[in-house]
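Enquirer: Okay, here's what each chain looks like letter by letter:
There are 4 protein chains.
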Amino acid sequence: MKVSVIGATGYAGAELLAILHRHRQVEVCHITSESHTGVKISDLYPHFRGIYDMTLESMKDSESIGKDSDAVFIALPHGHAMKVGKILQDTDAKIIDLGADYRFNDTSVYEKWYNVEHTHKDAKRVYGLAELYRDKIKDAKIIGNAGCFTTASILALAPLVKNHLVDINTIIIDAKSGVSGAGRGAKQANLLPELYDSFKAYNVAHHRHTPEIEQALSEIGGENITLNFTPHLVPMSRGILATCYANLKENVKPEDVDSAYQNLYGDEYFIRLLGRGGYPATKDVRGSNYCDIAWHIDERTNRVIALSAIDNLVKGAAGQAVQNFNIAFGIDEKEGLDVVPMYP
Amino acid sequence: MKVSVIGATGYAGAELLAILHRHRQVEVCHITSESHTGVKISDLYPHFRGIYDMTLESMKDSESIGKDSDAVFIALPHGHAMKVGKILQDTDAKIIDLGADYRFNDTSVYEKWYNVEHTHKDAKRVYGLAELYRDKIKDAKIIGNAGCFTTASILALAPLVKNHLVDINTIIIDAKSGVSGAGRGAKQANLLPELYDSFKAYNVAHHRHTPEIEQALSEIGGENITLNFTPHLVPMSRGILATCYANLKENVKPEDVDSAYQNLYGDEYFIRLLGRGGYPATKDVRGSNYCDIAWHIDERTNRVIALSAIDNLVKGAAGQAVQNFNIAFGIDEKEGLDVVPMYP
Amino acid sequence: MKVSVIGATGYAGAELLAILHRHRQVEVCHITSESHTGVKISDLYPHFRGIYDMTLESMKDSESIGKDSDAVFIALPHGHAMKVGKILQDTDAKIIDLGADYRFNDTSVYEKWYNVEHTHKDAKRVYGLAELYRDKIKDAKIIGNAGCFTTASILALAPLVKNHLVDINTIIIDAKSGVSGAGRGAKQANLLPELYDSFKAYNVAHHRHTPEIEQALSEIGGENITLNFTPHLVPMSRGILATCYANLKENVKPEDVDSAYQNLYGDEYFIRLLGRGGYPATKDVRGSNYCDIAWHIDERTNRVIALSAIDNLVKGAAGQAVQNFNIAFGIDEKEGLDVVPMYP
Amino acid sequence: MKVSVIGATGYAGAELLAILHRHRQVEVCHITSESHTGVKISDLYPHFRGIYDMTLESMKDSESIGKDSDAVFIALPHGHAMKVGKILQDTDAKIIDLGADYRFNDTSVYEKWYNVEHTHKDAKRVYGLAELYRDKIKDAKIIGNAGCFTTASILALAPLVKNHLVDINTIIIDAKSGVSGAGRGAKQANLLPELYDSFKAYNVAHHRHTPEIEQALSEIGGENITLNFTPHLVPMSRGILATCYANLKENVKPEDVDSAYQNLYGDEYFIRLLGRGGYPATKDVRGSNYCDIAWHIDERTNRVIALSAIDNLVKGAAGQAVQNFNIAFGIDEKEGLDVVPMYP
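Chains as they are written, first to last, in this note's numbering: chain A, 14 to 357; chain B, 14 to 357; chain C, 14 to 357; chain D, 14 to 357.
Among the hints, a few may not be true.
[Stated by the list, open to error] Reference excerpt, derived from the structure (chain C facing chain A, CB under 8 Å, subset only):
1. His34
2. Arg35
3. Arg62
4. Val353
5. Pro354
It is worth saying that the hints were derived from the structure and are not from the lab. C-beta: ideal position from N, C-alpha, C; glycine also.
With these hints in hand, go ahead and build the complete structure from the sequences.
Expert: Structure below.
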């Protein structure tokens, strides 16, 4: 099968190429970058030398890229993918967008939080969080790959919400991400000397992953959920940990919580349940598509604290995109993704 | 004035010596270590070469150390300080304990959380969080210096609790600390390769700083407070960030929150208010005694999110100890502590 | 094919298991640890959960392990492998030792530098640096896998020495390694707070990789070489960079140097030549078996400066071991090793 | 005394302000930035909040700045300081330039390596490496503060060269620096994800500190010295380690080397001799003006390996500038600089 990557020079695009190199059923045929058209990808990313020495093309002729491809991955900033999606719509290629353009059912929510007009409102799209939307992904033409913070947060909370174990008005997500999530653009704030030995929050009460989490959990729980989401920046390269709080409803027993996780995720290859009292660490999933999940119950306050760890560039972006691709094409979901996390 | 340090070889003890070197009114007369008696401190900490080449003594003869000293700083593991405190009680020396032994009004709380019998229950002690207990510290014989997480957490929440702006049943503290907080003991879990590029929670629902935070906030708010406290380990050396959540009571306006912080801390030198919408970063306080505080209001959920940043070894330990020392002896509170944070 | 790993709980052992998971022609049948016999490897390394949940055995019955295995990898501290090797010698299993016991032709050199009596002097062994000793490895029974610093150093210098381009009395290797090279043992000196934001040399003029480098370069150059080797510790987890200096002989032209590298390594898959003026970075090879090499000529001093970068745990240990295994069994040399380095 | 800082917004400028805050005999009267004129320094560097809230001025009216000041520190990119220096020349202010414009006796060397025309060739200037040029600094009008790599390198090698203990044709300096040396400009290459867990060399055989080192060592040794200098980038914020190699001349004994260091530096407060066999670490000097020095002798190759560690922003820039300032004005050399390095 032939696949192309529109916008291959960001960290997510590069991670995608690395994963596709392991995938035994695909061949990468086009990779694009508007700012580096004509440049070899290995000149921008020397770690690709000898592995990917392809030249970056322009995405201007997206249509012919679509015609050459069974699937097109889009790794562009939000607002740009929908333009490409509109063009590719009439090709046979399936579309997997790693950005936000196709994640929202209600495009007015997108428009409000992203401050951009949505120009492809009638796109037939599905939300690309593999474990929870697998059936829909199977038949999808356009997949709006779930975001990084959202993947960690939704997977941690879904069993609680689905089984109505918690008071939905009490959900707080305190999330922490490595700096690769901020992209490869040159910003003073992300220089090593600025971030080294430093820790801080950002976008409190305003991060764009908030409505995406709310959409999914509302669907899963069957009622409208509004919650707090607070991201923080960790002085490391990769990884997200989400610490999720909620009040348990009356009479909910610890075993009910255990069952909720076991029932929803017991058969999932990429979700590893560490059980009640466990401690996921981002390093244990680094470079892999795993999401490690554990939960704690504080009897003093009757709160559940759910913890989840992912690699933001893999399960939070490129890995999940390939997982969705595999699902959409009926390939073994693990293909290209069955690697041991890198430790230490 | 003459001061001594019992237990000088941990990170807090070493930081204390560094601060005392800048203090123009003290001379360090005794430093002790049971495991390194007879060794020069600069052999254990080469950064002290030429600055402190003193030899570590045993603390066995605490009484004579107390007689030589105007003040004795104790930086021992919990359970050990109270033994020394009992001996020093009858000397003229003031005692500043950096550990937990003298932090609790109700020693049964201490005994429950620390799993140790308290053997100095009648000690006349005050809680050493300078900004909130200054008046009591002035006359104190024994000061139980506030813990690191607790200092950050209490200072962030005190204005809200004191002014009854939040529902006290909704307080959640999600805290993050650099690894120096775990001490200098050789543990596999704290090796650089293990922690590098990793992030995780620990001691969820069971950390010993929980009851200490509850004690202080309950006193400040005048009602019993039970809350969630969740610590995390950041792959960095120094610094604590506390992210504190609480539901605002009805009709509380953003300006009420602003005023609460301004009124309580407006005149405090070591508390820097970044205002509503600000973002404290641990790097901005690194190596200093500052506590930077900001707050956000999420109108969607009617929650306040308060953020505070400290250096765990300074404002969270040795710096606060010297601040308490200065208060207790009527010295300018800034003496020895008026330094610019180290950046970058 | 069946393989076993004696001493699976160090960083090199764990990396080996990660690589073997990708290898399509092997099955791991025994893994051992004396200090953790009976424990699941995933309890020691949670990143293995769901991938390797095997139980660690004792190596006491090495003979039966050998009989079950086509190959046995040994990842024990030096001095211990030769005892196992002696036992395994009479089984059909090939032996790949990741330690130093089988690296030296002249065991008296080993005994002098390692301060241990060699008890398996008559072992038929070959030196396991794949690119330079491939022909010998093909028929080997016992392979003494090259060390980490030595691999980087020898590969960088071999073309110069082989072609007699440099004055062999002027060779200086200034090498830098991530901390994973120091192993997983709990040592105060390797705690994150100790190493973070720090850089230093160690074992100057006395590091045990010195005679190993000298042995190989002397063989390659056909004359006895004595050189300087200086290791340094970098505050990072993985990676080695070797900066190698030597005076060019008279009349050696830059093009001669270029040709020497091209001729020796032009066809090597795992050696990537960045050419004259290039800059290898450890990150570009992280998690992979590549060795990136470049060279510079300083016309002012007539010195060549050769640079090489490897991942110490892969090309410097487990990756090279699998590469040697593949060679010894006539398998495609890339099997299990053809991965994109992890970036960023 | 009144001092001003021209170009206060780089890392060296900020460090200078931090040091001047501790200095009991100075008051900062002007700070400038062309790109941030009118902005408060604490808006650019939040760690200065409450300490320095001064507004940045333009340096356009340098002359009046000079008239207001007893000394002017210049922390501009090379090529810019000499313009300011020319204007300030006729004021009473002493000038301490942290850049390269006033470091070279022979401005043609400067012009060749920096590729800029020197427009202030007749400036009466002295080289500002305090320990070796103290007498000249006492009477100086313009001080060309020594560079960071150069300070570490020259201090490590001066005793060997001065006492003619080494073959001057064999000097090789392999130096390593934290990333703060690259400045605060937004560059993709210096983003945390790019540098984290990475190590590499740069500017091999072409770094501009080479001729500066050669100038000083040639003066000290009394003969022209040409040498190799190779810088590397360490994934940390602060610190430089220089590893210096040279062949010992015949009949030089280890004790001769010891004496050379002891005689030259025995009385220097800011140079700490760790002796033969010692290991300086950048962390042991972090945040301080110390230069820690040790040396090793490799009897196998008859080479001496000298090691030195400094904080690049302190002894390698701002600290040395204040030390020079103190010397020039007859103030105690330690004033403002007598702090304990920050550990851990």
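Enquirer: Hint by hint, note whether the structure agrees.
Expert: Quick rundown of the hints versus the structure:
For His34 (chain C), the shortest C-beta to C-beta distance to chain A is roughly 5 Å, which falls under 8 Å, so the interface hint holds. Checking Arg35 (chain C) against chain A: minimum C-beta separation of about 7 Å stays under 8 Å; hint holds. Using the Cβ-Cβ criterion of 8 Å, the hint placing Arg62 (chain C) at the interface with chain A is satisfied: the shortest such distance is roughly 5 Å. With a cut of 8 Å, the hint placing Val353 (chain C) at the interface with chain A holds, because the nearest CB-to-CB distance is about 4 Å.
For the restraint placing Pro354 (chain C) at the interface with chain A, the shortest Cβ-Cβ distance is roughly 4 Å, inside the 8 Å limit, so the hint holds.
Hint compliance for this structure: no hint is broken.
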